[in-house]
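Given next are the chains, with one letter for each unit.
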Amino acid sequence: MITKEATAPAPAPARTDHAPPRPAKKRRPAWDEVPRWQIYLPLGIYLVFTLIPFYWILLFAVRPAGSTSLVPWPMTTDHFEKVWTDRGFGTYFTNSVYVGLATLVMTTLVALAGGYALARFDFKVKRGFMLALLCSQFVPGALLLVPLFEIFAGLQMINSLGSVSIAETVFQLPLSIILISNFIKNVPYSLEEAAWVDGCGRFRAFRIVVLPLLRPGLIAVGSFAFVHSWNHFLFALMFLNNQHKQTIPVGLNSLMSADSVDLGALAAGGIVAAVPVVIVFAFIQKWLITGFSAGAVKG
Amino acid sequence: MLSSRDKGTVRRRTSAAVALGAVLALTATACGDDGSGAGGGEGAEGSGKGKITFWDNNGGIRTAVWKTIIADFEKANPDIDVEYVGIAATEYQSKVDTAIQGGGLPDVGGVTASMLAGFSAQGALEPLDDRLAESPLSDKLNKDMVESLKAAGGGDGTLYSMPTSANNGVLYYRTDLFEKAGLDAPTTWDKFYAAAEKLTDAGKNEFGYTIRGGSGSVAQALDAMYGQSGITSFWDADKKKTTVNDPKNVEALEKYAALYKKVTPAADVNNDFAKMVAQWDTGTIGMLNHNLGSYQDHVKALGVEKFRGIPQPVGPSGKRVQVSNPVDGLGMFKSSKNKEAAWKFIEFATSKEQNSKFNESAGQVPSNTEAANDAWIQKAEPTKLAAQALNDGSTTIVQLPYYLPDWNTLSKSESEPGFQKVLLGDMSAKDFLDGLAEKLNEAQAEWTEQMG
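Those protein sequences? They're chains A and B, same order as listed. For the first sequence, the working numbering assigns the number 1 to the initial residue and increments by one for each residue that follows. For the second sequence, the working numbering assigns the number 300 to the initial residue and increments by one for each residue that follows.
Cut-off 25 Å, straight-line C-alpha distance, at most; resulting in silico cross-link-like pairs (PhoX-like, lysine-lysine): (1) B:K554 with B:K618; (2) A:K82 with B:K599; (3) B:K656 with A:K82; (4) B:K366 with B:K599; (5) B:K439 with B:K683; (6) B:K574 with B:K503; (7) B:K366 with A:K82; (8) B:K490 with B:K683; (9) B:K599 with B:K656; (10) A:K82 with B:K574.
Derived by calculation from the structure, the hints in this document are not laboratory data.
The following block holds chain B by itself, in its conformation from the complex (with noise of 0.2 Å):
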């Protein structure tokens, strides 16, 4: 028991504990500073002056080229101060979701295709058709990838997100190891399967190629399906029924998903781009699927003249067929309160110049076509020859249906440990792909409901 004395002391304490707690909260409030728009607010057109946030997302290894266009933005707009803050990829999409949530948006942030569907659904970003129709960029922007996010951004055909870059899968192969094997270059799958199993010899720790498992296997393996396939769609004629399951493609999938193992060094059942790319890079291992976005990587790593990038292998009809790659983009947040400004900003980083800047140290296919006419993608032969490819009419896209909301749930943490199960033996290539079709089947009848 407390004795009068006890409490009279324990109310002492608890009185400057609850004052310590009043002036550590204080002092912590004193070096808060929220600055950006709340979630959900319309936010304003404002002065075309003052400061504007960007979130890139894609942090990190673009940030040195992300301060170099700002800085030019700020030069040529002395009234705009830009507030750069890179956030890595894989965390983006949540924290933008929290802030949509909770406030505190930026004015400006990097839009994928891939997360189009999601952030439009929950109203958070500006369309920018009437701005980008009285912009001098309005007839500079590559068409296809103009529609691509159009089509992604939740089925309406609004623009909320200005192209910046187009990826594109590439098949990287060691050009050291082919020549001394005697091999040709796999441009087609009939060469790429036999590439790989001439190429491999486990017992020394070499392999033929090596397949993508763990995060992120999904997309690869829908590219490897179709481009075998050769089916051009991802819906049939009604728009109803995905063709992930067609007989042609779970054939092309029992061939791929056999590779692993036979070819494929063991671990690669886990494997997401990173230890793929790193055992690639420092292994000897004759073939990767990888995108454009790791060709410096390679670069660093085996010098240009130990590698080459080249566009997917054509089909048995000659026609090469690939997956569509998520086109980036720059967004507006509907609740920016400096619209104007943050218009200035997008514009400026899609303009030519910083257009050609931008891809060229991210080693993409640039949106704005006069920059896609410059002189370092000459030089960049993945990049080149990706451009060449989605330009020439040389290859048939398949478009993802990225204007799924539950798109990025379906194809990855619902999808890839199946295609593990596929990868070790334990479900077979239709079972997963016919479950896989069920679901998209059904979002897909969900999403056409709510479109009306």
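This is chain A alone, in the form it adopts within the complex (with noise of 0.2 Å):
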């Protein structure tokens, strides 16, 4: 069983008179005492270099080709349905979702079981295995192409989607560990003990002790997995050969050839690739944030 002694703080010196006196600290002003445009100016700002690109594709995923409008009237709908149906974004989207899903899954339950041994077991290897978690972060997947591709020829598993999540799911797994591991080290252990003591198991007490406490940790870790295995692009090109079980950045990346390129459809493309990203993030953003700063209060 893991105890801690307690010990109270030492108490403070007595001040004295002839301390020197302390400069007077600069009071922060209140939200209210700032003038708008100090707040809005900056923003807004920041919010047109961040939103004209946004705009632009926009813009030309909704105006007719040819057309030079800067504003996305008349609008057409010709590039979305060229894409959703001609281009087979509609089955990309599917697999893309597939993807996202499984690694979302095995990400956060590896992770989980990964981070609970860091974070509550000591064992010989334990700083070794941190700091291998830490350098395989360091390797790029180009880098693992060809042995992967190897390692999945031999288990029959090229050209199926199961390929690239598990490729997904073991290159999120380090950060992944590491986090869900900082999370759970912040959940007070005596907690778990008090449990153990009311009669749960080691795997109940965490069940319905833990768990709950690590809602925001695993959203930010889950959310993190199926965006990452959303966008990325590498494994899917090489792991996949059908047409019909691409994903979503590998068809966006179809849309340009050698010499041509309909940037309407593209931009349709990647509208369609953004959106679920968006939704994702407008909904969870809130546990996001709680999440990553729970995760770094502890290295």
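Take each chain as given, in its own frame, and dock them per the hints.
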């Protein structure tokens, strides 16, 4: 059992009259004391820089081919229809959802198990294992393509969405394990001990006491895994050899040929690719910020 | 420390995790299917029936036409199914290289001249000379294209790719802007430079030309250099030293690079073809150098009335000199287990009707000489002019050394940053070309030594 000895903090030294006076602390101005332009001008400039490219994409996606209008009028859905039906984005979308969700589930489950072990157990090679996890982040995916390809070919998994999901999970795991381990360290061990005293086993104590407290962390890790696999291109390109199994990033890439590019279709495809990510972030942003700040407390 | 109960729990959890991993792996395996040959395998002639896989090296924009050709093929050969996989041109070579190393190559794949040396050096391609000799297509393919692919295949004169089409450099210009400014068509380099200057009004965001400074810039710069200098060979008489740093070429490049920012947008230093084509199609820019492949994009954006696409300008000698564009073709991978069916597909795709259909869609010059006379070519002016220029003796083609395995690296990743420095004035054209020449001469010497 792990115990922590409580010690009282040392008393602060008594102040003497001879002590030099502390410089007066500069008070932070309250929200209503700051002129509005000092807040909105920088925010506005930032938004202009951020949103203009998005506006441009939207403009190309909805204006007819050949139009040079700077406003999205007259509007057409031709480009969306083209990418969704003719270029197979309907299929790519389903495949990307499959890969994203599979990666999310596998990453979260394995990271929970690994993170718990790192947070709660001491074992001989723990530091070496942590170092290996960190080092694995420095290896670019492209370097491992041929070995991964050979492994999946040996397992008869080339051309399966499962191969992409597993490869994505493997690359997501190091960071996810480290994050989850930090979240678990923030949950007092005494809570689990109390559950054991009440008759729970380790797994049940984890499930009913620790797991609910990890919700922000799980959302952060899961959404990160989903978004990363949604956007990732390399593994899907290399491991999938069937048109009907390709994912959104590969489909987007194929909208640009060697010497011709359909900008309207490319922009429409970009919006199809971006919308789910935007929706995911809109729903989880509160949890995401809580999750990352909680995970950052202990290193 | 863990208690014995904890240790037991950990063991059970470990077993559960391993079991879960195994289930996930098996689930994933259940939907897996390799279905194609292993890299490096010798393959087999096969029965001429069953399924073959075809990787398109320029997937996306050409997917529709290939699917039509495949549908026609399957109708004519009901015993053969063709699985089409469209792969973006930018990623094709790395995907094939990975499959050569790891397995999973298709039966048939698009193989352009610029890829041939790399693939054939790895022993991945099946020689096609004997099959072509026995085919009714043997005397119906453009001889220059066949020779170009033979020369690019590593130097042993073997044909590894059946030509399907040829691309060609085109000078696109805005007829509406030229008419308004009272300018003649830019048919000579002098007219080109004069028009570029006259059409530029940077204050109004109007420019005479858009230069390619990003990806693919060096091939375009070489085209402009040789076009102006009139030098007709990439190598000297001994085939040991390149002519890229010949004083005439240096002078031509200095003049060409000086166009940057003077008559072009400043952002051109990062232009790849997509940015260059997009800004020409949507902005007010007089001229653009690209190839036949973007013709349909310009038609969609500008309509046929506002622009023309003509062959490169002629030099002071009155003779047009251009650098070669990679000939596109279809190769058969050695690992194919159904080579007979694969060859039937290649033959079918290069037959008159199908080759014509493909090139009409791609806007390129057909390899099948019978298809080259079809009516659509007369309607697509840039293709017609390119075909004429390639066939009527008015143009000399400087053959770029696609046979050098290092050619792609030398002409792209190793040279493009240097060309950007030339545009920005941080490096002289002479230093840039001297550096490029040194690397090319080394690569040529190494290749000559290897070939014995």
